[in-house]
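Using the sequences provided together with the hints, build the complete structure.
Protein chains in written order, with the working numbering: chain F, 1 to 116; chain V, 117 to 229.
Any given hint could turn out to be false.
Capping the alpha-carbon separation at 20 Å, the derived lysine to aspartate or glutamate pairs in EDC-like fashion look like this [what the hints assert, rightly or not]: (1) V:K221 - F:E44; (2) F:K41 - V:D171; (3) V:K153 - F:D85; (4) V:K153 - F:E44; (5) F:K40 - V:D200; (6) V:K158 - F:E104; (7) F:K40 - V:E155; (8) F:K38 - V:D147; (9) V:K158 - F:D85; (10) V:K158 - F:E52; (11) V:K158 - F:E44.
Looking from chain V toward chain F, a few residues come up when the C-beta cut is under 10 Å (computed) [as the list claims (entries may be wrong)]: (12) K209; (13) G222; (14) M224.
Worth flagging that the hints you see were computed from the coordinates, not collected in a lab.
C-beta atoms are modelled at their ideal positions from N, C-alpha and C, and glycine is treated no differently.
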Amino acid sequence: DTEVTQTPKHLVMGMTNKKSLKCEQHMGHRAMYWYKQKAKKPPELMFVYSYEKLSINESVPSRFSPECPNSSLLNLHLHALQPEDSALYLCASSQGSGGGVRVEQFFGPGTRLTVL
Amino acid sequence: GESVGLHLPTLSVQEGDNSIINCAYSNSASDYFIWYKQESGKGPQFIIDIRSNMDKRQGQRVTVLLNKTVKHLSLQIAATQPGDSAVYFCAEKTNSGYSTLTFGKGTMLLVSP
Chain F
1 DTEVTQTPKH
11 LVMGMTNKKS
21 LKCEQHMGHR
31 AMYWYKQKAK
41 KPPELMFVYS
51 YEKLSINESV
61 PSRFSPECPN
71 SSLLNLHLHA
81 LQPEDSALYL
91 CASSQGSGGG
101 VRVEQFFGPG
111 TRLTVL
Chain V
117 GESVGLHLPT
127 LSVQEGDNSI
137 INCAYSNSAS
147 DYFIWYKQES
157 GKGPQFIIDI
167 RSNMDKRQGQ
177 RVTVLLNKTV
187 KHLSLQIAAT
197 QPGDSAVYFC
207 AEKTNSGYST
217 LTFGKGTMLL
227 VSP
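Structure (structure tokens):
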């Protein structure tokens with residue numbers, strides 16, 4: 001299985017809502033990532049988990065809260081978002097996080113988020 | 117031909133032509149590079165990668181060239197097909213501790229039959 005899955009595919013939420021994005025991989029990868037992508041722009045890194053521990057937070061506002069319940073799952077909890085947070089949220093995984101292991105990242109299809 | 121729009125450079129080619137997509141990367145210490153293809157409504161898909169100790173790598177219909185002197189990366193697609201139409205991103209691994217990738221701006225490839 002070389003697939004990263006993400007749910008939901010689409011999400012519309014109000015600024016007062018709380019929602020969660022989910023990501024799953026069964027490739028045995030030990031590094032997982034959240035990216036944000038605006039239209040016609042490259043993906044921007046938000047968070048990196050390595051061996052289920054948060055290793056990088058790219059100064060992301062606290063209204064985005066990541067969680068890694070186990071090595072296969074990655075969540076992104078959303079609360080009090082702003083309309084400018086509307087974007088495609090991509091999850092990715094890689095075998096490891098440097099040190100000679102394969103570093104190519106496999107991406108999921110993304111969740112299209114709209115904040116009203 | 118190639119044009120640079122307000123947000124995304126676009127390369128328009130005819131089916132069967134060879135395509136060359138270019139990328140200038142930022143960090144001379146980057147040791148690993150990837151080309152991704154992103155079709156509309158989908159996540160980026162891995163195409164080919166190259167390590168900094170190589171200057172050329174070939175895959176099926178694709179070749180990546182790396183010129184470290186001028187920090188330039190290119191993706192060559194042979195016999196371009198309509199299914200190759202997508203946005204192509206180069207990405208560089210810039211952090212020696214973790215495999216974080218920094219993506220280039222992207223180029224939209226439009227292939228007409």
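- prompt: Taking each numbered hint in turn, which are not upheld by the structure, reported in ascending numerical order?
  reply: When the structure is compared with the hints, numbers 2, 3, 8, 10 turn out to be violated.
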